[in-house]
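**Student:** Model the full structure from these sequences, guided by the hints.
Residues per chain are reported as follows:
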Amino acid sequence: MGSNMAENHPVGFQWVMEARERGAKVIHVDPRFTRTSAMATKWVGIRAGADIAFLGGIVNYILQNELHFEEYVKHYTNAPVIIGEEYADTEDADGLFSGWDPEKGKYDTSTWSYEGMETHGAAGQREEGFKPSGEQSGHGAHGGGLKQGEPPSEDPDLQHPRCVFQLLKKHYQRYTPEFVAETCGVSVEDFLYVAESLTQNSGRERTSAFCYAVGWTQHTVGVQIIRTAAIIQQLLGNMGRPGGGIVALRGHASIQGSTDIPTLYNILPGYLPMPHAEDYGGFDNYMQANIAPTGWWGKFKEYWVSLMCAYYGPHATEENDYLFEHLPRIDEDNSAYWTLQQMLDDKVKGYFVVGENPAVGNANGKAHRLGFAKLDWMVVRDTVEIESASWWYDSPEIESGELKTEEIATEVFFLPAASHTEKDGSFTNTQRLLQWHFKAVEPKHDSRSELWFYFHLGKRIKAKLKDSSEPRDELVKLLRWDYTTHSEIQEPSAEEVLKEIGGYEVESRKALSGYKELKADGSTACGCWIYSGCYQDEINQPARRKPHWEQNYLALEWAWAWPANRRILYNRASADPDGNPWSERKKLTYWNGTKWDGLDVPDFDETKPPDYVPPDDAEGPDAIAGTHPFIMQADGRSWLFVPNGVVDGPFPTHYEPHESPFDNPLYSQRANPRRQQHKNADWDPYNPVAGEPGADLFPHVLTTYRLTEHHTAGGMSRSVPYLAELQPAMFCEVSPELAAETGLEHGGWATIYTTRSAIEARVMVTRRMKPLTVRGRTVHQVGLPYHWGRRLLTSGDSANDLMHAALDPNVHIMEAKAATCGIRPGRRPRGKALERFVEELRSHAQQSRQEPEEVRKT
Amino acid sequence: MTEVRSYYGHNVVKEPTWTWEIPVYFFTGGLGGASSVLGFSAKLFGNEKLSRTALYIGAAADAVSAPLLISDLGRPERFHHMLRVFKITSPMNVGAWVLTVAGGASNTAAVLQFLGLLKPVRLAAEAVAFFFGPPLATYTGVLVADTAIPVWHEGRHELPWLFGAGAAASAGAAACLFVGADDCGPARRLAIGAGLTELALTETMEKRLGEVGEVYEHGAAGTFGKAAKALTLAGTALLATKRHKLGGALVCAGSMCMRWSVYKAGFQSARDPKYTVKPQRERAERQGGSKATTLPGRSAG
Amino acid sequence: MSALLQPAGEPAGWEAYGDAKHQRMGFFTDTSVCIGCKACEVACKEWNVIPQDGQEWTGKSYDNTGELGANTWRHVAFIEQEKPLHTSSDGTTGLRWLMESDVCKHCTHAGCLDVCPTGSLFRTEFGTVVVQEDICNGCGYCVPACPFGVIEKRHLPATPGTLPAFLGKKEDGRVWKCTLCYDRLRGGHEPACAKACPTKSIQFGPVEELRERADDRLAKLHAQDWNGAQLYLRDPDDGVGGAGAFFLLLDDPEVYGFPPDPIVPTAKLGEMWVNMATAAAVLAVGIVGSFLFGSRE
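If you read the sequences in order, they're chains A, B and C.
So that you can map any letter, position 156 of the first sequence is 157 in this note's numbering, and since no number is skipped, the others follow by simple counting.
So that you can map any letter, position 182 of the second sequence is 495 in this note's numbering, and since no number is skipped, the others follow by simple counting.
So that you can map any letter, position 256 of the third sequence is 780 in this note's numbering, and since no number is skipped, the others follow by simple counting.
Please keep in mind that the hints were generated in silico from the structure rather than gathered at the bench.
One thing to keep in mind: the hints can contain errors.
Unchecked claim - Derived Cβ-Cβ restraints for the label pairs, each shown as a range:
no., chain 1, residue 1, chain 2, residue 2, range
1, C, Lys-724, B, Gly-610, 22 to 32 Å
2, C, Glu-534, A, Ala-741, 51 to 61 Å
3, A, Ala-741, C, Thr-582, 14 to 24 Å
Here a beta-carbon is modelled for each residue, glycine too, at the ideal position from N, C-alpha and C.
**Tutor:** Okay, structure coming up:
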């Protein structure tokens with residue numbers, strides 16, 4: 002669900018095929034019948050954006066029929082925990098949780114706390130407990146730090162009306178099969194097929210897994226969709242067990258790595274939060290805010306100090322608080338779309354675009370290109386001249402005349418990048434697997450790797466700043482920047498960087514074997530605590546390549562997974578509270594009398610027995626009991642109810658997408674109240690929705706996706722003849738019914754439009770797209786692959802030019818998977834006519850928006 | 314009524330890559346082969362004028378044939394690779410040898426005749442051309458039939474006869490163009506008889522072909538086919554009234570058009586998948602299943 | 525004509541290798557596990573340095589390649605049908621998407637090999653059929669001789685410097701097709717497409733073993749009520765003697781663009797020669813006979 006694994010992870014998908022061959026049921030819930038659906042036992046065609054309704058229906062099905070894995074739920078989740086009496090559910094407040102502040106447009110989450118305590122915020126959220134200002138979202142939020150080891154108020158029988166279990170029941174009680182059918186456009190039979198299959202295949206003897214990708218994340222309720230699946234998997238006892246869990250299918254070879262060693266503005270490597278600008282005091286408060294009293298986040302200081310030692314070497318000392326004062330602070334959202342707004346407001350001077358193509362790949366492509374035109378300079382590094390480098394002379398805005406090359410003041414530096422075969426390095430992909438790749442050939446001409454570029458750039462900047470006395474230049478001057486280089490072009494050693502990331506003892510330079518060896522006294526350096534141990538024994542662990550046929554199914558000797566080469570997280574949950582496997586068939590990690598044993602690296606203190614009860618003054622990992630497998634959470638439990646860490650609600654709730662033909666059947670609160678919108682921003686207008694005047698201009702559900710043959714924004718695939726010829730044109734997919742209704746012809750052209758823009762595409766009429774019956778009427782979906790841009794061997798209009806930039810509030814991801822649109826036959830208007838056409842659409846939309854959104858409950 | 318299914322209406326077999334030189338060669342090769350037979354026969358019956366003319370016509374036709382074939386090759390400079398091997402499963406290879414021998418013989422004889430030299434050698438050469446003439450005139454029918462092109466393969470019974478008849482008709486007709494009325498009697502009779510045989514064989518073939526024969530009614534195959542019939546009929550009629558020049562020309566033109574009709578028909582029958590699929594599916598149904606398909610439960614061979 | 529006298533099942537021309545004969549190698553393409561990723565098309569092109577084959581959006585489902593040819597040696601076909609994958613069970617989707625990776629069949633009795641006049645097409649020690657590109661003179665006879673429409677002439681510009689100016693055409697002019705990665709086989713490797721296929725839809729190995737595997741696979745799918753499962757070209761008794769590269773299909777062959785019951789043209793060649801010999805003799809007699817009514821007028 003929320004993914005198309007066969008098309009976008011074809012190599013990984015071979016294992017799904019293996020499972021199918023051995024009798025596993027493969028169920029694909031997707032708006033389209035894709036190549037994954039073709040391999041599945043069952044396809045359920047769902048309305049894009051209705052995922053929480055569907056998944057919530059499964060939660061309700063489990064609870065109403067008492068199909069949950071009782072022992073697992075009672076002992077391993079926070080189902081028994083009693084929530085404070087100030088908490089109010091969406092069922093009580095017509096679509097809002099308690100703590101909603103309509104002026105700020107945010108929740109005060111303190112009423113979501115466990116009864117009797119103040120829950121300590123999650124990784125990244127913690128400082129909100131100090132001051133609910135600014136934003137600091139929980140990337141990889143691993144749960145809060147409870148001030149004491151155990152929640153003070155629990156009902157082990159799960160009966161108390163305010164225990165999480167009962168609250169959960171109440172929250173989802175209206176998600177009946179009929180509700181699911183009506184809201185999602187599926188049949189009751191199909192829904193029940195999925196619910197039955199899932200529940201019958203879970204428990205002691207069997208487990209089920211979910212695989213998701215951006216079909217879930219790219220929504221204004223993205224995090225909450227995933228949360229609903231997490232609730233299902235907790236109720237069914239599938240977490241931490243072989244064949245269970247939730248696989249996040251990541252979209253690039255190393256995008257997992259890009260959040261681990263972040264290219265994200267708000268976290269330091271290993272999901273350590275960046276310090277906030279607002280007053281919380283200095284180093285001590287930062288430590289106090291982030292060191293969780295219980296669980297492995299209790300070692301926050303060890304991770305952070307080791308990071309600073311890696312960055313700054315001997316300059317980071319206990320005396321200077323490891324240079325804490327010099328660290329940059331974040332004051333607010335600095336994410337991609339926020340930065341775009343700043344660009345449009347003329348506040349951004351320069352921009353580096355490295356290995357991505359926002360002109361095609363980001364939502365509202367036009368806004369990005371207009372934003373670029375406001376920069377003083379930008380640097381684009383890529384292997385081919387992508388649209389984000391050529392926009393100043395070749396873009397839809399140049400074609401329409403909205404931008405004129407001679408009037409654009411931006412200086413664009415396009416620098417050639419080396420490809421993955423021309424450099425050493427690692428990928429960290431789905432499964433948290435670090436896989437090393439070796440350089441095969443030297444880069445040609447001026448092409449250079451990212452490592453070379455940033456290293457030499459840093460050297461030059463350090464040289465320029467070496468005599469500076471500005472405090473802001475301190476950190477650059479103090480950066481430890483002495484990697485050895487090799488080859489004619491002075492390529493820095495990637496293995497040295499890997500070793501630094503894995504960590505070493507500062508004195509001896511000996512590689513560390515794991516994060517447990519990290520110290521808070523400056524004697525260890527480690528670039529990313531979750532990667533610690535990847536260079537254990539001076540061996541490049543990610544480079545290991547023992548084939549799977551020489552190992553068991555976990556294949557611990559193929560590459561290296563973080564943390565600690567553990568393949569299944571929370572695998573202590575594969576044993577019961579006494580430490581015995583739930584079943585022989587599903588045996589993984591178990592207590593053998595003296596330690597935790599099994600095929601995987603145990604995700605538990607190796608020698609902590611199942612009957613361990615933490616003393617009252619226990620701290621950090623020692624405060625987690627022997628029966629609580631979810632060691633990153635403050636209470637060692639998995640969280641059905643999230644008291645802190647997610648900004649838009651402790652429970653996922655069905656909301657309609659930001660743009661939708663329907664209002665919310667459950668509440669008058671139509672869409673996620675907490676979603677980020679660029680209200681009244683003229684660069685991000687929104688279609689009228691659900692019954693508003695003008696909504697009939699955009700009656701169809703629009704969704705975007707990828708094809709196997711191309712890669713994301715197309716730079717790497719539209720430039721390759723062998724790939725370009727496989728999918729040589731931009732096209733849309735529509736059902737025969739929609740084609741008949743709107744006069745579209747298979748093989749002809751269509752113009753698809755929203756208030757952002759209008760694009761054209763070839764028409765693919767196919768039964769793989771189905772009209773849906775939702776809330777008693779027919780709705781159509783239009784599908785668009787988003788790979789195309791103006792350049793390279795196969796060019797076409799960009800689907801993302803149609804998309805708006807309303808975002809998920811936790812992670813600022815755009816809702817590219819569900820919006821609304823109109824469609825008509827024929828090619829689109831060009832030049833000034835395009836501008837006029839879109840203007841006309843917008844004026845219709847404007848007229849219907851009589852009141853600003855925050856006043857109405859939409 | 315067998316339902317014909319296909320992959321988006323795609324052709325199953327591929328159309329040949331040949332161009333105009335090939336149907337022209339069918340004509341010139343046929344003309345050359347049959348003329349050599351005619352010339353030698355005339356010599357045997359004492360008609361020197363006819364013999365010499367047929368000899369020159371045959372040699373010229375043979376001489377022009379080789380460059381035509383070489384021109385059609387994708388790598389013309391490698392034409393001699395045709396003679397690397399002798400391969401009986403390849404009608405083209407056999408034909409290359411036949412043309413080489415027959416054309417070599419006929420042109421040797423022609424040169425010697427022209428120079429008036431080495432009469433015994435010339436006679437031997439003419440005899441060789443006489444023996445290789447009929448294969449040269451008819452093997453092209455096997456060449457096209459030994460393919461997966463439906464209208465050619467299914468026409469395999471008639472095609473060598475049809476091409477042979479056309480060759481004979483054009484040999485007789487061409488001789489009538491250059492030989493006076495006093496001496497061209499046999500050639501005239503040959504042209505008329507072979508021309509009518511050509512027409513009869515065309516009809517027979519088209520009827521026996523069944524559904525795939527319909528390509529002879531459409532497109533270029535249809536146009537050339539109609540022209541061939543009209544020209545041959547008119548030509549034979551004119552020859553019968555001793556209008557040698559015009560009649561001869563029309564019979565030759567008709568014979569050329571016949572080759573083009575067959576040639577184009579091949580392309581048309583390849584293009585539409587039904588001509589490949591339907592007969593095979595019907596055969597499979599008659600046999601209780603296709604031999605190429607193994608269904609569950611049936612033991613494999 | 526030794527080809528025609530071969531016992532059924534033995535690839536024509538193979539016995540000449542004597543001791544150098546290798547096990548017969550081929551492909552079993554199991555379309556029931558094909559995910560339509562086209563890695564086979566790309567891997568083949570990369571390994572064999574095959575030119576791009578034109579960029580044309582066909583709208584024929586996800587097949588923009590069209591067919592096998594000189595510049596496409598693996599071609600993935602896509603067929604959308606309103607039929608279920610399994611005939612028996614309830615709850616399955618009433619829609620299926622057939623995907624299939626087509627390739628040269630490397631027939632036991634290969635029409636292309638039989639008709640090649642230069643001997644360029646030959647049978648390798650692996651039992652496969654390969655074009656020797658330094659011999660092929662582009663006569664094109666093999667193109668219409670293939671019952672499956674596989675082999676084709678390459679019309680693209682030739683590599684500079686490979687042709688003499690005299691009589692040389694500016695285009696490549698030779699025929700090209702799948703070699704079953706002959707060079708990789710000689711090096712002890714599997715063909716590029718088989719290596720790249722993530723789901724083992726393309727299986728490479730000894731043909732005998734593949735046939736057994738295919739039989740087992742068919743039986744298993746039959747037991748699971750797979751709609752239309754059948755093997756194609758597995759049987760040595762068929763019109764091409766069985767193929768070195770054969771398939772498991774989920775519908776009749778013509779749905780995928782294959783001939784339902786192909787027969788190699790050479791099967792009828794014997795009678796064609798006899799027929800021709802008769803016609804030639806009659807031709808000679810006829811021409812001689814035209815003198816019987818007078819040798820001059």
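**Student:** If a hint holds in the structure, say so; if it does not, say that too.
**Tutor:** Structure-based check of each hint:
no., hint, in the structure
1, C:Lys-724 <-> B:Gly-610: 22 to 32 Å, "holds (25 Å)"
2, C:Glu-534 <-> A:Ala-741: 51 to 61 Å, "holds (56 Å)"
3, A:Ala-741 <-> C:Thr-582: 14 to 24 Å, "holds (22 Å)"
Comparing the model with each earlier hint shows no violations; every hint is respected.
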